[in-house]
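Residue numbers (our numbering), protein chains in the order written: chain A, 4 to 205; chain B, 728 to 935.
Among these hints, one or two may not hold up.
As the list claims (entries may be wrong) - With a Cα cut of at most 27 Å, we get these calculated BS3-like pairs of lysine-lysine:
#1 B:K762 <-> A:K141
#2 B:K758 <-> A:K56
#3 A:K56 <-> B:K888
#4 A:K73 <-> B:K918
#5 A:K32 <-> B:K918
#6 A:K56 <-> B:K790
#7 A:K73 <-> B:K888
#8 B:K816 <-> B:K836
#9 A:K77 <-> B:K918
#10 A:K73 <-> B:K930
#11 A:K56 <-> B:K930
#12 A:K56 <-> B:K762
Since the hints were made in silico from the structure, they are not lab data.
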Amino acid sequence: MGTCPQYIVDYMQEYLDGDISRENEQQLKQHLQNCASCRQHMHELSDTVAFVKSAAHITAPPHFESEVMKRLPKGKSRVGVQRWFRRHPILVAVAVFFLFMSTSLIGSYQNNEFSVTKQPNLVLDGQTVIVPEGVIVKGDIVVKNGDIIVEGEVDGNITVINGEYMASTAVVTGEIEEIDEVFEWLWYEIKSMANTVVELFQ
Amino acid sequence: MKLFEISFVNISDQKGGVGYKMDALVNNRIKQVLKGDQNAYSDIVNLYQHKLYQICYRMLSNKHEAEDIAQEAFVRAYINLHTFDQKRKFSTWLYRIATNLCIDRIRKKKPDYYLDAEVAGTEGLDMYSQLSSNDKLPDDQVEQMELQDRIQYEISRLPDKYRSVIVLKYMEELSLQEISEILDLPLGTVKTRIHRGREALRKQLNNL
């Protein structure tokens, strides 16, 4: 092959690229018919192409997609949140208000001190409030972190927070409410706040 | 001359149909991402992950590095998405980012990168054995390789400027025009490199 012109090898390459002119292809064919070493060269080149083309397709490892998503900078989504904040200032203010309110309210719910509304004639036995038989209590009673036993009469509402209402033959003219859950407690606080507000305007 | 009939297989570029729909989907997702919807990007990653990983693996011959670089390419594409001209082909742009990162990594790693990492597909071999023997293994070892390992081994021995064109042409099955855009080289240069790459591979394969 050493004596063969370089353009023969160029034609081989053009042929493999699939963009050889008819003329050059004819010339290459003729040359290959007469030259064993160029035939060998052409054969090896074709084999090389077949060899590379037989490469299997390789796939990305599992979780590749989620790994990429994890690596993306978070900047864009923060822009979105900021935009939302700017568009809904009132909602943001309300949300912030409730956030502070609820933390302070939950805080006060979690304090475990026993307390009871000051009313005359109530008997205290440890953390239990007793309305004795034959006694009439005028007004509302609120018991926090304790129980209440009503044996007499109550002319008002009874609210028990984190405790139990026990009565058998009692006479209560108002509503009786037991509050055990944080949310109920919140609801109660909000209601009583609303009542105070309403009273302020009356 | 039987040779001529068997060796000439021209896979013409498939145009229209599936390709067109895919471009429309990709452009749609790009618009969503640009509006701030980061999650829309996952469809783009899903669509191109295997092809992009394959390019990186063929270029780098190392699974860990290929994964790292392919991920990095997607991240860079995401960050620079606003610079992408949607009239052009997204894959070309993405592959360009990836091949540039691969070539950077190859140049940087020459002295010291992951020297003890096993070269994928070559059991018990690492970059040390590859470097110390000047990218050449003993003949008997090469002859015992499985075909797929052998292919990767021979590809890895090519100089990187030939490796990139051979990988894009024969493994990704891209047109010369696309390869020239991806590598930012004139069409003539791409052709020359493919010719030389084929010739270099031929010599490697017949030197045993």
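Here's how the hints hold up against the structure:
1. B:K762 <-> A:K141: violated (65 Å)
2. B:K758 <-> A:K56: Measuring from Cα to Cα gives roughly 36 Å; hence the hint is violated.
3. A:K56 <-> B:K888: holds (19 Å)
4. A:K73 <-> B:K918: Judged against 27 Å, a Cα distance of about 39 Å means the pair is violated.
5. A:K32 <-> B:K918: holds (22 Å)
6. A:K56 <-> B:K790: Satisfied, since the Cα-Cα distance of roughly 21 Å is no more than 27 Å.
7. A:K73 <-> B:K888: Violated, at about 32 Å.
8. B:K816 <-> B:K836: Violated - the C-alpha atoms of K836 (chain B) and K816 (chain B) are around 31 Å apart, more than 27 Å.
9. A:K77 <-> B:K918: violated (42 Å)
10. A:K73 <-> B:K930: Violated: K73 (chain A) and K930 (chain B) sit about 44 Å apart, past 27 Å.
11. A:K56 <-> B:K930: holds (17 Å)
12. A:K56 <-> B:K762: Not satisfied, since the Cα-Cα distance of roughly 41 Å exceeds 27 Å.
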